[in-house]
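Please put together the full structure from these sequences, using the hints given.
Chains A and B, in that order, are what the protein sequence lines are. Here the first sequence is numbered in UniProt numbering, starting from 1 and rising by one per residue. Here the second sequence is numbered in UniProt numbering, starting from 1 and rising by one per residue.
Worth flagging that the hints you see were computed from the coordinates, not collected in a lab. Be aware that one or more of the hints could be misleading.
Claimed, not checked - In silico DSS-like links for lysine-lysine, alpha-carbon gap of 27 Å or less:
1) K115/A x K79/B
2) K226/B x K98/A
3) K210/B x K114/A
4) K35/A x K210/B
5) K184/A x K79/B
6) K210/B x K184/A
7) K35/B x K210/A
8) K246/A x K226/B
9) K226/A x K184/B
10) K79/B x K98/B
11) K226/A x K246/B
12) K184/B x K217/A
13) K210/A x K98/B
14) K246/B x K246/A
15) K226/A x K238/A
2 protein chains.
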Amino acid sequence: MDIVIIGTGNTATILGRKLNAAGHRIIQIFGRDAKAASELAYELNTESTNYWSVVNRNAHVYLLAVSDIAIEEVAKELKLPYKVVVHTAGAVSKEILKESSNHYGVLYPLQSLKKESSYLPETPILIDASDNDTLMILEILGKSISDTISLANDAQRLKLHLAAVFCNNFVNHMYVLIEEYCQKEGLDFQLLLPLIQETAQRIQTIPPAKSQTGPAKRRDTATIEKHLALMESYPDLKSIYQLLTKSIQQHN
Amino acid sequence: MDIVIIGTGNTATILGRKLNAAGHRIIQIFGRDAKAASELAYELNTESTNYWSVVNRNAHVYLLAVSDIAIEEVAKELKLPYKVVVHTAGAVSKEILKESSNHYGVLYPLQSLKKESSYLPETPILIDASDNDTLMILEILGKSISDTISLANDAQRLKLHLAAVFCNNFVNHMYVLIEEYCQKEGLDFQLLLPLIQETAQRIQTIPPAKSQTGPAKRRDTATIEKHLALMESYPDLKSIYQLLTKSIQQHN
Chain A
1 MDIVIIGTGN TATILGRKLN AAGHRIIQIF GRDAKAASEL AYELNTESTN
51 YWSVVNRNAH VYLLAVSDIA IEEVAKELKL PYKVVVHTAG AVSKEILKES
101 SNHYGVLYPL QSLKKESSYL PETPILIDAS DNDTLMILEI LGKSISDTIS
151 LANDAQRLKL HLAAVFCNNF VNHMYVLIEE YCQKEGLDFQ LLLPLIQETA
201 QRIQTIPPAK SQTGPAKRRD TATIEKHLAL MESYPDLKSI YQLLTKSIQQ
251 HN
Chain B
1 MDIVIIGTGN TATILGRKLN AAGHRIIQIF GRDAKAASEL AYELNTESTN
51 YWSVVNRNAH VYLLAVSDIA IEEVAKELKL PYKVVVHTAG AVSKEILKES
101 SNHYGVLYPL QSLKKESSYL PETPILIDAS DNDTLMILEI LGKSISDTIS
151 LANDAQRLKL HLAAVFCNNF VNHMYVLIEE YCQKEGLDFQ LLLPLIQETA
201 QRIQTIPPAK SQTGPAKRRD TATIEKHLAL MESYPDLKSI YQLLTKSIQQ
251 HN
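Structure, rendered in structure tokens:
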């Protein structure tokens, strides 16, 4: 398919690379930041613009990979009644695009995408559309770049987006706090990397409830007390420790 | 080296397999549960007992891989003044073993070990000992089963054990809660597995602070409000969401 990508960030870049690799033609990149747009266009071997008036009108699909709050503004600028216009956001309704086209939808990559990545991570794609024709086009497009395509309406997509916040944002924040703690205590954070890897690896085949271990689950009060004493100068760590310990114990 | 393993659980089993694979002789397994002891002995091609009186006195090293609360009891039973006696616990002082031998120490695997695993995960080993001779023996033993050996005294080991609780127990508990949420909401938890994998993969090369994304970090109040509304019937999820969102925002 011929595709115009609106946006130059992580999602635009990674989806652009995947679409390119799948043999689609990225016919233009639009970016408010002309430099970022031309850089991405150079990488994807296409042209770029930062003027709405010269956005190419001949693509099959217009992929809006911009920040959540910018989607509405872009939809107002882009009037493309017979084109497929889709956004890539987890927590934004597809209806935000209805003024832009009568063929609109969502192609949401359920993955943490970073343009600095040296590889293209496996990325489930959740799709939704205003009509069956558009849905079929998005299914074809999605299947060309992912082994896992799933239908999800606005409500289901928002729920999975919430789940993703826990599995990525919150998990990563715990790593941030623990890396800081290790630095301050003179401990080598690198020692924890195999444990982090194994925790994620195991869940690929074993349900998490079967893998739960640790002092909270064992109700090992002596160890919990020792841990709490270590966190006097780390109020964030301590609050999270107390809340999660309580939550684990209520689940047993 | 010739080793007696005291214990039959996850740590005893995985360390036994690693020691076996490294060419050491496991000369006996002791377990209070005779059946579990003979099963592990069968797997490791050695003998077993559940009587203290017949514990083999001719090993070089006695590895106590029992629950934290059982270590003291075992140390009372095992009087082996000229043998190396070590425990494998993160949150227990090495001094608990001083009545058992004058050569005692700790060999703590900083990893989540499950005997059901079909593979032997990479496992940093933290060592500590009562004296330099014992330390040298533990270093040799540790290096035979791990690429990463690190000295850590009681205080450092306890701090790393706390860090491990966050990186494994708490992270896994979030997966437990999210899997339940997905089941109740009719969502496919499997869709989140690539995201979980990528979150752990990325930290192997990129510091977690550089990977932080999401509505909390962006201070995207609209999305946060939508998420909170979804969690009315999930008080555990909601409390964790609120606390971690606050913590992420205080870190920006």
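Taking the hints in turn, this is what the structure says about them:
no.: 1; hint: K115/A x K79/B; verdict: violated, 60 Å
no.: 2; hint: K226/B x K98/A; verdict: holds, 21 Å
no.: 3; hint: K210/B x K114/A; verdict: holds, 10 Å
no.: 4; hint: K35/A x K210/B; verdict: holds, 23 Å
no.: 5; hint: K184/A x K79/B; verdict: violated, 40 Å
no.: 6; hint: K210/B x K184/A; verdict: holds, 18 Å
no.: 7; hint: K35/B x K210/A; verdict: holds, 23 Å
no.: 8; hint: K246/A x K226/B; verdict: holds, 26 Å
no.: 9; hint: K226/A x K184/B; verdict: violated, 36 Å
no.: 10; hint: K79/B x K98/B; verdict: holds, 10 Å
no.: 11; hint: K226/A x K246/B; verdict: holds, 26 Å
no.: 12; hint: K184/B x K217/A; verdict: holds, 23 Å
no.: 13; hint: K210/A x K98/B; verdict: violated, 36 Å
no.: 14; hint: K246/B x K246/A; verdict: holds, 19 Å
no.: 15; hint: K226/A x K238/A; verdict: holds, 12 Å
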